[in-house]
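With chain A's structure known, arrange chain B on it following the hints.
Sequences listed follow chains A and B, in order. Okay, so the first sequence: first residue is -4 according to my numbering, each after it adds one. Okay, so the second sequence: first residue is 77 according to my numbering, each after it adds one.
I should point out that these hints are in silico values taken from the structure, not numbers from a laboratory. A hint or two may mislead.
[Unchecked claim] Derived, one-sided and incomplete: chain A residues facing chain B with beta-carbon distance under 10 Å: (1) R2; (2) F5; (3) L27; (4) S44; (5) D52; (6) G97; (7) N101.
[Claimed, not checked] Going by beta-carbon spacing under 8 Å, a handful of chain A positions derived as facing chain B: (8) F(-1); (9) D32; (10) K40; (11) V48; (12) M49; (13) N50; (14) N51; (15) A53; (16) G58; (17) F69; (18) R95; (19) R99; (20) L100; (21) P102.
Cβ coordinates follow ideal geometry from the N, Cα and C atoms, glycine included.
Take a look at the letters that make up each chain.
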Amino acid sequence: MSGFVRRRPFSSLLLILLLALLGWVWHERVALWAFPDIISAYTAKEYCSCRYVMNNDAEYCRGYVKQWLPTSGFNDDPASKRITVSGMGRSNSAAWLGERQGCRLNP
Amino acid sequence: MPKGLSLILLLLLSLTAHAENWPAEQWPTAPAINGPALQALENYAFPPRDESTRQGIRTDALLVIRDGQLIYEHYAGSTTAETPHLTWSISKSLMATVLGVAYGEGLFKLQDPVQTFYPPLKNHPDTRMADLLHWASGIDWQEDYEYAPLKSSVVAMLYTRGHGDMAAFTAGHDRYAAPGQAFRYSSGDSNLLSAALKTIVGPKRYADYPWTALFEPLGIRHAVWETDATGTFVASSYAYLTARDLARIGLLMARDGRWGDQQLLPKDWVAFNREPFEHYRANQDEAVPGGHWWLNRAVDSAARPWPDAPADTFAALGHWGQAMYVIPSQNLVIVRYGDDRDGSYRHNELLKFVLKAFAGKVQP
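Chain B extracted, bound-state conformation:
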């Protein structure tokens, strides 16, 4: 190859590298898209709201990032671009991301027993960090919010017997299976991770750690993360971010843990987040659990949870319709906040409409 040509190639390559978009104080914006596909998306996501019956799909915020640029956002109800919206169980995936930074510091390994970092877990000595991240602690937990309030571990943890010390409340439950062998979705598992982090990074750093490790490097300025009375972050439920700020976490995940030229999360950490838990059986939950993220992967002989979205789609999901979907193959990050009080909202429907309106390439 002539020397001149290879220089030009090198220049072209570096130009493509520099063409990658990242948010600074604000998201860079892409030219707005209009047309029937966008109309169909808005018809689905933003039907007229009835505040008295609270029935149907009630989207508070919908935001789409494509190629690192804000291409669409719309708010409804009393939510605005400035609202740090309750994320509910999206907080679990945020805690996993915070843990990923500590993992990158070499402070713990996935196979470490949780008890090393959280001694009150002495009744479950062989539960490992990876088991908690897979919601497979083996701890006999009942996750049900509204329909079985008497037996619900999560209601008791958040509002009655457990709210003072949520990790200790979880640790006090019996064992129902060997750790790492069976999936059972548990907010208690997530709060044990949060309690373990206190020892992992040390009590001095802990209170600021989500900010110093994750939020500040990403330019997130208005995050709120509530704690229990012992100062442990309620990793199961209580992180609040604006839709624009949550999308920064999505972009970090879409780009394998890299933010600009800094590898904030080790690549093997993100790979673990996106690897299906091997003992999950099809249809145990609405999507396939990875390492504290939800995956759109076919398991056993069942179809993908969201058949209209690519297989590399993964998500952080929360109560009442909170969702952040990441689709690396389409360079898409989608944040959807809601206040759905019935089960009418469908992830697959929203993804289908978003992909029709915003996907750059033909879907596989």
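Just chain A, with the same shape it has in the complex:
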């Protein structure tokens, strides 16, 4: 083992870093798995409320929810007041429920 470290110091360092990274990924696995949902969920929910609770126009609301991460597949169905957004490989939707309840992110 100590012979390997002496012969291959850089590979050893990379191996240690890789193990540390894997350890961190394992430790944060729940948060990491949920992370890609943030952008589509945020955009769907806050756009829904901007458009159907605060009654701003569609163009304003698209600007209002813009973040540094890109989204794709934005779909606002005005008839059902339901918004579906994709981003970072995940898709989320939010819908308007009523005058007092406003919008909610779908499960």
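Chain B only, in chain A's frame:
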């Protein structure tokens, strides 16, 4: 004293009492004020907006109530007097006010363990209602919106792992301190209060309770309060009111919980809201926490958070520049909605300009 004179005094006293202004369907208005002080306020609050960079101060609404009368209002962007604007964390102080009505009904006490009303909090059995109201639950929460999205408890609560049942998500966090001993601002604490309210008033009344207890008595007609999938109000973030309607809550607070001749909130409840949390240390946050409201009070040897405003100023504050300031000594209620995407807006600056333009008396 001659009998006639005392009668006249009594008449004068009752006249002053009747001279108190309250909003009916609409706010009574005071004659508009113009001049350089107002111009300076508008220059500060409403600089030209750039919708592409979204930099700088971006006020959506500014409204000033003095002596119960609407004396100033101005809107920008796409917000109007009819817009129920997202209040973000102002919702927390609104939940405290709703709880105040339940407190007045005698349905709970500040020292009650939260677990009594919300059994899933069994891992934090000695956290009391007062601790949640002080943001001092002892629950290991990370409140950060944009800069640490992976570790942010609040982003996970609103958008990913927690959004279905926000109180349960909060209750699942570990403990980092003894309850009631340390301040740590937490949206989770506010949503635990919201979940506790469900048991406090009973599930039947809960869905309408903010309206029946608070909004309707104050004449607020267009409030929206979003819930999670379990029907629990998102007390941390998702109440929407017009600027005019939010100011009604401000007037209620400015007048110690009284609305007309009805004491809607017990006076000791409002006193608790306005009492600094004893274990808060200076500069832990942008203002001093009271009972789910923010106070302009000197703590330790630090100056007041907003040195240009009177010490009795208190506020409800939210993300992206939402604010309602209440200054009882000046009979002022100020609502400021915004869409600030950077940190350039300063509470103290706005208060300074508003006081110069609208304060009735010389400041202490």
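Of the hints stated earlier, which fail here? 1, 2, 8, 15, 17
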